[in-house]
Amino acid sequence: MQTESQTESLEKEIQAAEHPRELAVDVMAAIQARDGYLSDAGVAEAAGLLGMSPVEIEELATFYTFIYREPVGRYVIHICDSVVCWMEGAETIGEHLMKALGIRMGETTPDGLFTLLPVCCIGYCDRAPAILINKKAYGPLTIGELDRIIDGLRNSDDANEAAAEAANPKKQVLKR
Amino acid sequence: MYPQVLLQNRKPDRIATLAEYQRSGGYEGLSRVLEAQAPTEVRQVLLDAILLGRGGAAFPAGVKMMTVAEDAPFPRYLVCNADEMEPGTFKDRVLIHADPHQLIEGMALASYAVSAEHGIIFIRPEYEGAARILEREIGIAREAGFLGKNILGSGFSFELVVHRSGGRYICGEVTAQLNALEGRRPNPKQPPPYPTEKGLWQKPTVLQNVETLCCIPHILKNGAQWFKDLALTESGAGTKVFGISGKVNRPGCYELPMGVRLSEIIEEYAGGMKNGAAFKACLPGGASTSYLTQEHYHIEMDFEALKKVGNRLGTGAIMVFDQHTCMVAATLNLIEFFARESCGWCTPCREGIPYIRDILWRIETGEGEASDIPALRKICKYLWHAYCAFAPGAVAPVEGLLTYFEDEMTAHINQKKCPFKGS
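Top line first, the protein sequences correspond to chains A and B. Counting in this note's numbering, the first sequence runs from 629 upward without gaps. Counting in this note's numbering, the second sequence runs from 588 upward without gaps.
Each hint should be verified, as a subset may be incorrect.
Said to hold, decoys possible - Below are the DSSO-like pairs computed for lysine-lysine, each with C-alpha atoms no more than 27 Å apart in a straight line: (1) B:Lys968 - B:Lys895; (2) A:Lys727 - A:Lys763; (3) A:Lys727 - B:Lys1008; (4) B:Lys598 - A:Lys763; (5) B:Lys598 - B:Lys861; (6) B:Lys598 - A:Lys764; (7) B:Lys894 - B:Lys815; (8) A:Lys640 - B:Lys790; (9) A:Lys640 - B:Lys736; (10) B:Lys776 - B:Lys968; (11) B:Lys895 - B:Lys790.
As the list claims (entries may be wrong) - Covered stretches of chain B, going by a simulated chain A footprint (3 or more residues, C-beta under 8 Å): (12) 592-604; (13) 704-714; (14) 726-737; (15) 751-758; (16) 860-867; (17) 961-970.
It is worth saying that the hints were derived from the structure and are not from the lab. Predicted model, so just to flag it, every value in this text is computed and none were measured. For every residue, glycine included, the Cβ atom is placed at its ideal position computed from N, Cα and C.
Please construct the entire structure, taking both the sequences and the accompanying hints into account.
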């Protein structure tokens, strides 16, 4: 249960910090890692931990690309659509993923595995077209490689899903 | 092959270790400076070296440090901007992955120059791998006595931490980054007071880009004149890590002397244009610079030469477009980026950028009118009145489109479609 200890160690860090609010992004990210996303309750929890008001947390949470205020899948796929990836076929990558997963941009697959989101330049222009899956970069991508990556994630997750859910019922939050 | 300075220890598959960095002369500058030089001398060397900020604005690093008053209060902060969200730019990621101790030593030296005892590396979430490398190597540097209390027995102390961003382009702007670090919504603030007077937590704060800081150990080890001599042009100083991408055979980072010709970067280092492609244009330094075209193909890539043609070297992130790329569509893509990333704080940026996007969209989809072109020119001018440099940056490629590719815009309008589609 590494996520529990993560919040605990954050609490210690907050107590030691001269300016607790400097840890706002870390706290939101830790709650998100534990719960799958930053829920309303998560916003309130972050506010309590940091001695800030919920609206102060909210204006940060909605500002940042990598804080999710709605449930997301276990694998969040960010498709870079900025100019270099666009030139190298980002649209084809996005369309292929939407078809392969049966969802539109911004949606999550019914099994709770994948979420598709657009993202601005991720700094992997030398490997365009590139995407991020749970913050790990993949590229330069071809359709074939993309299929292999998605299949790999599907299979690895199938194997782990039962074990993960038994160990951490909170994962249910991910289900729609 | 030109001399490699910042990327001399780069390896294809792993970072350079502390031992490898030291074998190449790493931390020699720090130990010599702490032993024999006063902070004012360090600042003077950086000023003499004409080290210009590599994050896009090209502000002289030495001048920035000089603006921290002698009697400025403590604690003082040094912030490393590793946010690197300018589209096309990936050099800072490459620098951190190649030789993390170079950045750590650069920060220790810069902090000594302004008597800062706290250092923070502000890094974008997409660079989680780089953040972990830095955290690990900071620990190693501390154990070796290059960071922490009483560095190398000098009495000087400097603590360094990594701060992860939640991910937003505006966080690269200095004052927005300071708000982000304080856990506030990262809107820019308008100086004065300047961050070097009242920055993070209202204390003097110096903010520098990764590549700028990486230059510092080499300058202090080899001298200001050596650094200036690295450049090919009289106006330039040092090397530049150019990141090239788009329609070239070998996209990647190449460390070349400041002032190297664009054609040489493309042909000699990036392996030339991709099969069958011909050079049409490029952005020389990220999304917030203007286009360079065939007439600039042999331009000397340094800050002065680009300024002379009304452009900017920016981050040195060269994005190459070929003859099949529609420049209206490319500019539309760029402006979509800025529309999405605008923090929304001030009206010219929040309202003006989507307005430009809508006009470009109409032109690209064949619904444009002749009057759209003068309208675009007019709106671009208004965007220079925005609160920070974001909106003027956003209009740079639009102004480039209007200057160099008006014929393409007119072709869209006359043909009532994109001439590049279905051809």
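We went through each hint and held it up to the structure:
no. : hint                 : result
1   : B:Lys968 - B:Lys895  : 20 Å, holds
2   : A:Lys727 - A:Lys763  : 22 Å, holds
3   : A:Lys727 - B:Lys1008 : 23 Å, holds
4   : B:Lys598 - A:Lys763  : 23 Å, holds
5   : B:Lys598 - B:Lys861  : 25 Å, holds
6   : B:Lys598 - A:Lys764  : 20 Å, holds
7   : B:Lys894 - B:Lys815  : 19 Å, holds
8   : A:Lys640 - B:Lys790  : 25 Å, holds
9   : A:Lys640 - B:Lys736  : 22 Å, holds
10  : B:Lys776 - B:Lys968  : 22 Å, holds
11  : B:Lys895 - B:Lys790  : 37 Å, violated
12  : 592-604              : violated (count 0)
13  : 704-714              : holds (count 4)
14  : 726-737              : violated (count 0)
15  : 751-758              : holds (count 6)
16  : 860-867              : violated (count 0)
17  : 961-970              : violated (count 0)
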